[in-house]
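J.: Taking the hints as your guide, dock the two standalone chains into a single complex.
First to last, the protein sequences are chains A and B. So for the first sequence, my numbering puts the first residue at 1362; every next one is plus one. So for the second sequence, my numbering puts the first residue at 5; every next one is plus one.
Since the hints were made in silico from the structure, they are not lab data. It is possible that some hints are incorrect.
Stated by the list, open to error - Cut-off 20 angstroms, straight-line C-alpha distance, at most; resulting in silico cross-link-like pairs (EDC-like, lysine to aspartate or glutamate):
#1 A:Lys1475 <-> B:Glu33
#2 A:Lys1475 <-> B:Asp31
#3 A:Lys1475 <-> B:Asp29
#4 A:Lys1475 <-> A:Asp1574
Unchecked claim - Label-pair restraints from in silico Cβ distances:
#5 A:Arg1672 <-> B:Arg11: 32 to 38 angstroms
#6 B:Glu33 <-> A:Glu1481: 21 to 27 angstroms
#7 B:Arg6 <-> A:Ala1673: 35 to 41 angstroms
#8 A:Ala1766 <-> B:Leu66: 40 to 46 angstroms
#9 A:Arg1670 <-> B:Asp47: 29 to 35 angstroms
#10 A:Ala1591 <-> B:Asp50: 44 to 50 angstroms
#11 A:Gly1693 <-> B:Arg6: 45 to 51 angstroms
#12 B:Asp50 <-> A:Asp1633: 28 to 34 angstroms
#13 B:Arg11 <-> A:Arg1433: 26 to 32 angstroms
#14 A:Glu1481 <-> B:Val49: 27 to 33 angstroms
#15 A:Arg1701 <-> B:Val49: 19 to 25 angstroms
Claimed, not checked - Reference listing, derived: stretches of chain A covered by chain B, where coverage requires no fewer than 3 residues with Cβ under 8 angstroms from a Cβ of chain B:
#16 1458-1467
#17 1484-1493
#18 1698-1712
Beta carbons are placed, not taken as given, at the ideal position from N, Cα and C, and that holds for glycine.
Residues per chain are reported as follows:
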Amino acid sequence: MTVAPLTDLPLWPPINLDRDPLVPLDAAERHRFSGPVTRVRLPTDATAWLVTRHADVRRLLRHPDFSADLSRPGFPLLRQLAPGPDNRRGGFIRMDGAEHSRLRRMLTAEFMIKNVRRIEPLIRQTVDRALDELRDAGPPADLVAHFALPVPSMVICHLLGVPYADHDFFQERSRTLIDRDTPPERVQRHVRELRDYLHRLVEAKVAAGDRTDDLLSRLARDRVDTGELAVDELVGMAVLLLIAGHETTANMIGLSTLLLLRHPARYAALRDDPGHADGLVDELLRCLSIVRSGLGRLATADVEIGGQRIRAGEGVIAVISLANRDPGVFDGADEFDPYRQAQQHVAFGFGVHQCIGQPLARAELRIALVELARRFPRLRLTDEAGRLSTRDASVVYGLDALPVAW
Amino acid sequence: MRIRVDRDRCCGSGNCVVTAPEVFDQDDEDGLVLLRFAEPAPDVVDRVRRAVDLCPAGAIRLDAPPPRAG
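Chain B extracted, bound-state conformation (with noise of 0.2 angstroms):
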């Protein structure tokens, strides 16, 4: 799994440090989503996906990883 977060749909609520604070941060310059980790620990993927559904501005994602070479 892979969180790809888009700054420019930010809008600073917060709900995803609430939620899984461990893999998001706020800048602070300006407040808006910083990613620790992209890819989190499997313990924290529920968590991330909460954090996915309670973004107000629909600015964090969850990509299944990709296919294995070979």
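One chain only, chain A, in its complex shape (with noise of 0.2 angstroms):
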């Protein structure tokens, strides 16, 4: 048997400044990693197989054999782990098993729909005082800075509990958390600093005799006072919380804009039939795919994916976006079609870590672009919006800035 040389293996995520943002991957780019399974080299120097296709992308997500603990030796990472003390106690999307639906258990009655229902007016009402804030800005104004950005941020600080005042503070380092740019050795100081101020926070909470009702007392309450859960958990499930719930939606709020300034009869027909936006949303989160890099898994046995053997000990990556515009499931798939059946995307990823906050994800970006439609009817980008800015080193694809005017 003969090994390639690692050089001559393709890079992924693949280097692209020329990448419009709304297109996930370029017709040269799908040829070169559209295996449908595919053996390429990292930015660690790691080498993995690319998962491209719907149905390979949903079995290997949901298969016992792939573990997502990226402590695991030949993990395929994109970034080197930093070194020094492992401080991720907590962050059960990077946990197996029991081990991991003990702590997502925890949290799957908070996110449930019912739940997410109730604090519908609460968006509503988040929304309505960023879209204030966005027409005090402007024209122009920067649609992400003041609206994508805060809308989100504000949601998820509230139902936690963690004051959106500190928001540059966490915003900054949330940041860093997903960017694959961002030195090692910075990462774990801004894992530290999140954590030390979520600590504080937690400690805070156990210790108050009042009880506010958000999310991170009533566990402090119903499972650290019982023993069931230690405060340290806690802090690593509010920082994935955190950063979960702030970063994936801002960045889809920012980029369906685009999307919809480029289809205005869409836009359009958001602010005059509403009812049907949750079919949009559902589109939009196929077309964008936020989560560009894809989803990395390390095989613990010998397991076939699409025909192709991946031994124990080799890492996998999960092409989200390629398996939502998969044309075997989707028809057009390249096309934006609100009124498709879209909803075995991906996009929110697929097996037992599949987004726990989709119902909140799905909510928010739904009344964020009714009301963005219905209050801005004649929004658009501005001359200077050319060339867009784009995070291409973040886990979570987005824009930087989106110049607007109306």
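T.: Here it is as structure tokens:
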């Protein structure tokens, strides 16, 4: 058997400075990576199998012989792990099996659909306030800074019981944590600072006599006080929810607005026919697939995926953006069609790690986009918007800014 | 058709409740799947099938009815 030298393998994720923000991979990249299973080189010089078909991605992410634990040797890392003490305790997104479900299940009731419905008035209020601020800031104004980021950030702060006044602090650190270009030492420091901050907050909630009714207080009362959960674990869960709760939705709002402004009839329809917004949100999730570098897993046994034998100890990356444009599942997969059946997209992942906050994300996106279309019917990109700065090195893709006028 | 749900596998993503709310619910206590009806009316079977397909944890099954005796 001959082994291809590492440098002959294509690099994943690909670097493409000319990328249109709405097109996850261009035609040449798709040709290169749609193997359907392709051996690739990662920025860490590790190798991995790239899995791109919808059925294969779903099978892989649901398969019990793939681990999400990135501390295992051979895990397909896109950046080196920081040296030093392991401070990932409580971060159940990186756990497997019973360890994972023990923590996740403490949260499933919090994010279930009926509870999200209950907080829709709060989301609406938050959206209205942010839109007032956007109106007062321009025109022109940056829609990301004044709308896309503050809305989910305020909502998750309210749910968790984290003071929004500290948003500069945790937004900057969240961003570092998911940015591949940040040196590992800095990531390590920012993780520690974020954990220290949330640790103080959680300790205060545990100690407080008159507990307010927020998620972290409830967990402190129902789980920490009962000895079921360590404070440090609750801190790790809080870090995860805080980051996941605003980075993803914020970037979806920014990119969705850009897409809708390129489809003015759809933007207008959102205002005139808001009843159809749920389907449109799923189609936006499918088309934009913001976790563009994909989801990494490590095989813990030999498994065949898409006709390729993956050996125990080899890394695999599920490419959500390509699975969501699999022509075998979605007709005219590259077209934005809000009337299609888009629900089977894997933008929230698949398997037991599928996004726990998806009902919240869907509600935020729907309310944010409908209200934006209603209050800013003449929204447009400004002339300066020509080349948009994007977050190419982030686990969560998105726009740095979106200059708009109205 | 008979629906079976496996609460041990359920990860509480809520896809089933979005897809067929008249059949599936989430437990107030733990957010895990609850069945309102085990035998869906014919007009919701297609949506139940979709819920089976969308369930990320593979926690829902749709079994054919047992063969009738005699």
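J.: The structure should be examined with respect to each hint, and the outcome stated for every one.
T.: Each hint, compared with the structure:
Between the alpha carbons of Lys1475 (chain A) and Glu33 (chain B) the distance comes to roughly 12 angstroms, so the proposed pair stays at or under 20 angstroms and holds. The straight-line distance between the Cα atoms of Lys1475 (chain A) and Asp31 (chain B) is roughly 10 angstroms, inside the 20 angstroms bound, and the hint therefore holds. Between Lys1475 (chain A) and Asp29 (chain B) the CA atoms are separated by roughly 9 angstroms; this keeps the pair inside 20 angstroms, and the hint holds. Between the alpha carbons of Lys1475 (chain A) and Asp1574 (chain A) the distance comes to roughly 17 angstroms, so the proposed pair stays at or under 20 angstroms and holds.
Taking the beta carbon of each, Arg1672 (chain A) and Arg11 (chain B) are about 34 angstroms apart, inside 32 to 38 angstroms as hinted. Between Glu33 (chain B) and Glu1481 (chain A) the beta carbon distance is about 22 angstroms. The supplied range of 21 to 27 angstroms therefore holds. Checked against the hint of 35 to 41 angstroms, the C-beta distance between Arg6 (chain B) and Ala1673 (chain A) comes to roughly 38 angstroms, which is consistent with it. In this structure the supplied range 40 to 46 angstroms is violated for Ala1766 (chain A) paired with Leu66 (chain B), their Cβ-Cβ distance being about 52 angstroms.
Between Arg1670 (chain A) and Asp47 (chain B), the C-beta spacing of about 44 angstroms breaks the proposed range 29 to 35 angstroms. Taken as a hint, the range 44 to 50 angstroms holds for the pair Ala1591 (chain A) and Asp50 (chain B), whose Cβ atoms sit roughly 46 angstroms apart. A hinted range of 45 to 51 angstroms is violated for the C-beta pair Gly1693 (chain A) and Arg6 (chain B), which are about 37 angstroms apart. Asp50 (chain B) and Asp1633 (chain A) have their C-beta atoms about 29 angstroms apart, which keeps the hinted 28 to 34 angstroms range intact.
Take Arg11 (chain B) and Arg1433 (chain A): their Cβ atoms lie about 29 angstroms apart, and the range 26 to 32 angstroms holds. Hint check: Glu1481 (chain A) to Val49 (chain B), Cβ distance near 30 angstroms, so the stated range 27 to 33 angstroms holds. Distance hint check: the CB atoms of Arg1701 (chain A) and Val49 (chain B) are about 22 angstroms apart, consistent with the given range 19 to 25 angstroms. Given a C-beta distance limit of less than 8 angstroms, the hint that chain B covers the segment 1458-1467 of chain A holds, as 3 residues qualify and 3 suffice.
Given as covered by chain B, the segment 1484-1493 of chain A fails the check, having 0 residues with a CB less than 8 angstroms from a CB of that chain where 3 are the minimum. Coverage of the segment 1698-1712 of chain A by chain B holds in this model, with 6 residues showing a Cβ closer than 8 angstroms to a Cβ of that chain against a need of three.
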